[in-house]
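As a plain string of letters, each chain reads:
Protein chains: 2
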Amino acid sequence: MTDSTRRIGTPVVDSGGATMHDRIERAHHAFELSRRATPADRQRWLEAIADGLDADAEELITLARHESRLPEARLRGELIRTAFQLRLLGAEAKRGEPLDPTIDHADRDWGMGPRPDIRRVNQPLGVVAVFGASNFPFAFSVIGGDSAAALAAGCSVVHKAHSAHPRLARRTAETVIEALRLARAPDGLFALVSGFRIGEALVEHPLVQAVAFTGSTRGGRALFDRIAGRPQPIPFFGELGSTNPVFVAPAAWAARREEIVRGFLASVTGSVGQLCTKPGFLIVPRDPSIAAPLTSAGADLTAGEMLTPHLRDAFRTSVADFHRLPASRVLLDAQSRLDDAEAATLFAITAEALLAEPEILQREMFGPASVVVEYSHPGQLIELAKAVDGQLTAGIHADAEDDVHDLARVLAEKAGRLVWNAWPTGVTVSYAQQHGGPYPATTASGTTSVGTGAVRRFLRPVAYQGFPETELPEPLRESNPWGLRRRIDGEWVDP
Amino acid sequence: MTDSTRRIGTPVVDSGGATMHDRIERAHHAFELSRRATPADRQRWLEAIADGLDADAEELITLARHESRLPEARLRGELIRTAFQLRLLGAEAKRGEPLDPTIDHADRDWGMGPRPDIRRVNQPLGVVAVFGASNFPFAFSVIGGDSAAALAAGCSVVHKAHSAHPRLARRTAETVIEALRLARAPDGLFALVSGFRIGEALVEHPLVQAVAFTGSTRGGRALFDRIAGRPQPIPFFGELGSTNPVFVAPAAWAARREEIVRGFLASVTGSVGQLCTKPGFLIVPRDPSIAAPLTSAGADLTAGEMLTPHLRDAFRTSVADFHRLPASRVLLDAQSRLDDAEAATLFAITAEALLAEPEILQREMFGPASVVVEYSHPGQLIELAKAVDGQLTAGIHADAEDDVHDLARVLAEKAGRLVWNAWPTGVTVSYAQQHGGPYPATTASGTTSVGTGAVRRFLRPVAYQGFPETELPEPLRESNPWGLRRRIDGEWVDP
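Line by line, the protein sequences are chains A and B. Note that the first sequence ends on residue 494 in numbering that gives the first Met the number 0; no numbers are left out. Note that the second sequence ends on residue 494 in numbering that gives the first Met the number 0; no numbers are left out.
The shape of chain A in the complex, shown without the other chains (with noise of 0.2 Å):
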């Protein structure tokens, strides 16, 4: 590194004064050991680290309400989920399923000519930096799943903290690497760097070997864009932006207006609109009685503050910049009412509008509010959904009699997860989940960052050809000492 990167590390968490280039040094020196490790060995850290929060719940929580403005319930509720995916991932690691064993025998008959013997594995690709979030202080920040992921693939972590709570990151990292030397884990494996131009450093780092970004689309470009210039790319999992768009069929509407409305508002206000999954757009039919039911849900909805100035401000001009839309028309406004929390803002557009200008789909607005689309019939679902870009998740309400069949052929290409008589916000970590999808909602759709597919993310198939037995990694031996299901010869064999 030159002299120039030395210059601009912040040192955070450890007392050494290290710079971020001698972090970067250590945390590969880390991965090196990491990767020799066993999975159980990797389960046990990140079981380490989930202990470790929960012993810690309460001080962490406490900062993260100062800092985050978040309640407190829904604080607590993130904290578990945030230890549950440690435990979860590190349990996926523990039985070598993100692995893929896959070994071919040597066979002189193969169709195309004789095949040597050749077996594959997924191994770590090194060092990963990851970016956090700040809507999720615990679960997609310090240690949240994408932090997870990596290290239950048996990468090491240099985490870039996000300014907007800056107190808890540097907790957070102290619990982690506490948790992870009583654990014996390799010293180093992770670490805290904070500033914005250490975050530009650390992605050009030539021993940095992947990066995990949640944010803003401007900010998930300008760094896809320096990471494509780097000399040599490096992978780059980026959720940046989506608009979450709910189609609600007519017999739907018509069935069950007020539960419907009655939902789409919770979904839009719960932490104060401040979810990537928030649903930005309502599509139903036209309905000249709809003020009622959203005059009658909304009274009910309550404020809240945001979570940075920077984020307020920039939610207010994105608003203040869809009032302006010709073609929009406010229906609901709580905003006025309140001095310095947000509360519900809804706007209406018709389907024909947004036909002509689809670019207003992408349109975030990253806070309390949303769209109501109002279609003057049913096929301009269809056309709606062939209009929007790559996104997280797209909605489904249907009765029936509806027919969305199409539709919903439509909307699996445009969207990670699509829900059904349900809302977006809410992402369980599972074994089927996907969060992720085409750009921008993320820069790398064959890729989840929620759930155990996350681990895959972090790994790469290397193959070794007439390797002997006592050469092979683990997972290879014909011997299979961890005990791994595997793909022999084109057959799946247990243990």
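Hints are not guaranteed to be accurate.
Which copy? The list can't say, so a pair holds if one copy fits it or any two copies do.
As the list claims (entries may be wrong) - Here are the computed lysine to aspartate or glutamate pairs in the EDC-like style, where the Cα-Cα straight-line distance is at most 16 Å:
(1) Lys93 with Glu490
(2) Lys385 with Glu351
(3) Lys385 with Glu31
(4) Lys385 with Glu24
The hints are simulated quantities; they were obtained by calculation from the structure and are not laboratory data.
Given the coordinates of chain A, work out where chain B should sit on it, guided by the hints.
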């Protein structure tokens, strides 16, 4: 599309004078039909193409001999490989292996809070642009691995013909299109386009959702930059360049120097050195008598004409550049004995010189030339391994007394495939094959372009939350109509 894009279209294969834009629109329509097809249908299409290649083999081989100058036996073997590959990937598609169907039933007691019913399956990306290579006019060209994998995934393919074999490309496309027509595949599922500017426009077309490329580092990087600059960046599976270093440990060298040199020269000169896995560096103990086995083995070598005048000129330039390196000396120069055919050129360089200028390790001479690196102590094997960039392959020759455990570990960080006591050329198509590695070997090190794993490059996971049975894609239905092996609530379940 703009008018300027329409102007640069040069229609080939079909008689309708379609522009590239029209072809892509048709390909997208075909994709919409293909994604609804069953895996059994897709297998039938791939089988039909393989049968078509078999039926037209003589004509195709005659054209290939004429345009590629490759020997007939090699071309026959390559065509067998190409048909085999189509059938293997078709069978893989039929068994649903690449779909990864995963089902999490609703669970009120899920550790982080109640879990909804959520199910995930991989779905095809859309229209895939494939750029063929000149050096495998069948296996990495019109209907080579990339096209076969994309079709097996359920995508449609627009293939950009390589200018080195235009007539063969056109004739192969006719075989493919006719086979697909007879098999009643969707019209437009496969199309051929040609021309340099067409290639540029192709990767920028909004309906193109992935690009696969095999070629030079320069050409690949230019495409990479163009795709990264799209308003909507898409996955780019580029195979760029690789020097495939082979590391020979001391005991192996002492025991079988002649055998190693013979194998090395055969691997360097096969197909006139025009293989992406040709060993570009052979790293051996310093040996004052190394010229003896080289001269004796080199005497048997035949020379050959290169694929194109462009490749020949580029090869000669790269060899001349290596000549000019102060640290290099010539070990074998069969070059001068021949006029219009290239024979083996071998250079020698010391490990010390390479470690002082490690960028030399990335110098690919695409043709029958290679470099013998002489090390003065075994520790330099690891130092050199650490100095190489991303590779498709890395080789190790070792005997029982050689300790190459650490060497293999370092090389696993650098390459997609490690080869033990054998040569990297010759890439079998199987379940465990991994043809890919960190940049610059490829732009997507998590994926492979050869073997059944290649199908996954053209798929993307989509989750369905709370969907009723009839609205779910078949692989996710409780009734499992396609009889797939699935992961259900974390456990793999056979049908």
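Hints, one by one, checked against the model:
| no. | hint | result |
| --- | --- | --- |
| 1 | Lys93 with Glu490 | between (22 Å within a copy, 14 Å between copies) |
| 2 | Lys385 with Glu351 | within (14 Å within a copy, 60 Å between copies) |
| 3 | Lys385 with Glu31 | between (46 Å within a copy, 13 Å between copies) |
| 4 | Lys385 with Glu24 | between (47 Å within a copy, 14 Å between copies) |
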